[in-house]
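Using my numbering, the first residue of the sequence shown is number 1214, and each one after it goes up by one.
Just so you know, these hints were derived from the structure itself, not from any lab. The structure displayed is predicted, hence computed values, not measured ones. Glycine included, C-beta positions come from ideal geometry on N, C-alpha and C. Check before you lean on any hint, since a few could be wrong.
So the derived label-pair ranges between C-beta atoms look like this [said to hold, decoys possible]: (1) E1298 to A1215: 37 to 47 Å; (2) I1242 to K1309: 47 to 57 Å; (3) P1292 to M1268: 32 to 42 Å; (4) N1251 to V1304: 46 to 56 Å; (5) A1238 to L1300: 33 to 43 Å.
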Amino acid sequence: MALSDPLSIRLKFGNRILPMVVERADEYIYREAEKLINGRFSYYAAKYPDQGNEMYLLMTSLDIAVRLKRLETERDPAPIQQALEKLIDEVEQSLK
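Can you build the whole structure from these sequences, using the hints too?
This is the structure:
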């Protein structure tokens, strides 16, 4: 997939550099993701010393994945739609 307005960026995670080409409009999102990952990594490294980078990366990945799934669940309109349909049915039944 060709990028319409590509931008080369370098993201830093610990002592590792990840060069990427992203849409210019998405640069901010990538920079914020970099900050989030580094922040959570630092949090776990400070809270659980001597666990090793692999464990901190695992904790960071799980933390961010759980946050994502919570957001997806909160924004899922299906439960609200089902509740509204039930209320509509009850109203219709009471009007008969």
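Exercise. For which of the previously enumerated hints does the structure constitute a violation, in increasing order of number?
Worked result: Of the numbered hints, all hold.
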